[in-house]
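> Sequence:
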Amino acid sequence: MKYYALWLLLSNMQNYVNYLINMKCYQVSVLTFRGRRQRYVIEENPV
14 MKYYALWLLL SNMQNYVNYL INMKCYQVSV LTFRGRRQRY VIEENPV
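Under this note's numbering, the residues of the sequence shown are numbered 14 to 60, in order.
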């Protein structure tokens, strides 16, 4: 039973780490997409 609790804790930690990595990648991709779009708009519409 103790091993099962330990395995559950480890798998939950792995899921949490994966979740954090996914959130980080998502934020970075959103930021780069937003920056790219602004740059694209600036290049397309010179004032």
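Source of the hints: derived by calculation from the structure; they are not laboratory data.
Ideal Cβ positions, reconstructed from N, Cα and C, are used throughout, including at glycine.
Any given hint might turn out to be false.
Label-pair restraints from in silico Cβ distances [claimed, not checked]: (1) G48 to L19: 27 to 33 angstroms; (2) F46 to K15: 26 to 32 angstroms; (3) M14 to F46: 44 to 50 angstroms; (4) R50 to L23: 26 to 32 angstroms; (5) M14 to K37: 33 to 39 angstroms; (6) S24 to L44: 39 to 45 angstroms; (7) M14 to R50: 28 to 34 angstroms.
> Each hint needs a verdict: does it hold in this structure or not?
Taking the hints in turn, this is what the structure says about them:
Take G48 and L19: their Cβ atoms lie about 44 angstroms apart, and the range 27 to 33 angstroms is violated. Range check, F46 to K15: Cβ separation about 47 angstroms, and the 26 to 32 angstroms hint is violated. Restraint check, M14 to F46: a C-beta distance of roughly 48 angstroms satisfies the suggested window 44 to 50 angstroms. Remark: the range hint 26 to 32 angstroms for R50 to L23 is contradicted by a beta-carbon distance near 41 angstroms.
Range check, M14 to K37: Cβ separation about 35 angstroms, and the 33 to 39 angstroms hint holds. At about 31 angstroms, the beta-carbon gap between S24 and L44 misses the expected band of 39 to 45 angstroms. As the Cβ distance of M14 to R50 is approximately 53 angstroms, the hint placing it in 28 to 34 angstroms is violated.
Consistency note: the structure conflicts with the earlier hints numbered 1, 2, 4, 6 and 7.
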